[in-house]
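I would like the entire structure built from these sequences, with the hints used as guidance.
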Amino acid sequence: MAEAMSTAEPGETKAEAYVRVGKEIAAIVAGETSHTARYATAACLLAHNFGPRFFWTGFYVVDPHKPSELVVGPYQGTLGCLRIPFGRGVCGVAAQSGETQLVADVHAFPGHIACDSRSQSEIVVPVFDADGKIAAVLDVDSSELNAFDADDQAGLEAICETLLTA
135 MAEAMSTAEP GETKAEAYVR VGKEIAAIVA GETSHTARYA TAACLLAHNF
185 GPRFFWTGFY VVDPHKPSEL VVGPYQGTLG CLRIPFGRGV CGVAAQSGET
235 QLVADVHAFP GHIACDSRSQ SEIVVPVFDA DGKIAAVLDV DSSELNAFDA
285 DDQAGLEAIC ETLLTA
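Per this note's numbering: the sequence shown = residues 135 to 300.
What the hints contain is simulated information worked out from the structure, not anything from laboratory work. All residues carry an ideal CB built from backbone N, CA and C; glycine is no exception. Any given hint could be a false lead.
Unchecked claim - Distance ranges between label pairs, derived from CB positions:
#1 A284 / G185: 15 to 23 Å
#2 D283 / A248: 18 to 26 Å
#3 A171 / F262: 13 to 21 Å
Right, dumping it as structure tokens:
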């Protein structure tokens, strides 16, 4: 059964929206053991609540057969890159370093991979498994320069912390 999606309250701040969406994601995926279902739910709710600023929202998952590569997972938006090697582009750097990448201008990021030419800024947040190993990255692109800030980083990191907890 599909769940109803919440909407912003009048005057809601971005930080408050992340708390609301994070609670909604956690409630919907509680007890769900499929990582695909968990990632798909998060991508959908994030895109629904933060679009059109989030024009591409999704996950790249560590390929169990090629553990130094990310493969596209559940997402909302235009076609994504199919594979990204660790260390390459914003997603690959986040996967290799295990650190969030907040990029105000993707054209100034060395080795940026342009999966969609409209991308101007990007935030990529690592998702870790229960053993602390990188499992995936959450990638959010915007067609606006400098679209992401500390509120986005804190909100997305908090959401990603809950995604592999069944």
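Right, here's what the structure says about each hint:
1. The given range of 15 to 23 Å is respected by A284 and G185, whose C-beta atoms sit roughly 21 Å from each other.
2. Between D283 and A248 the beta carbon distance is about 23 Å. The supplied range of 18 to 26 Å therefore holds.
3. Roughly 18 Å separates the CB atoms of A171 and F262, a value that falls within the hinted 13 to 21 Å.
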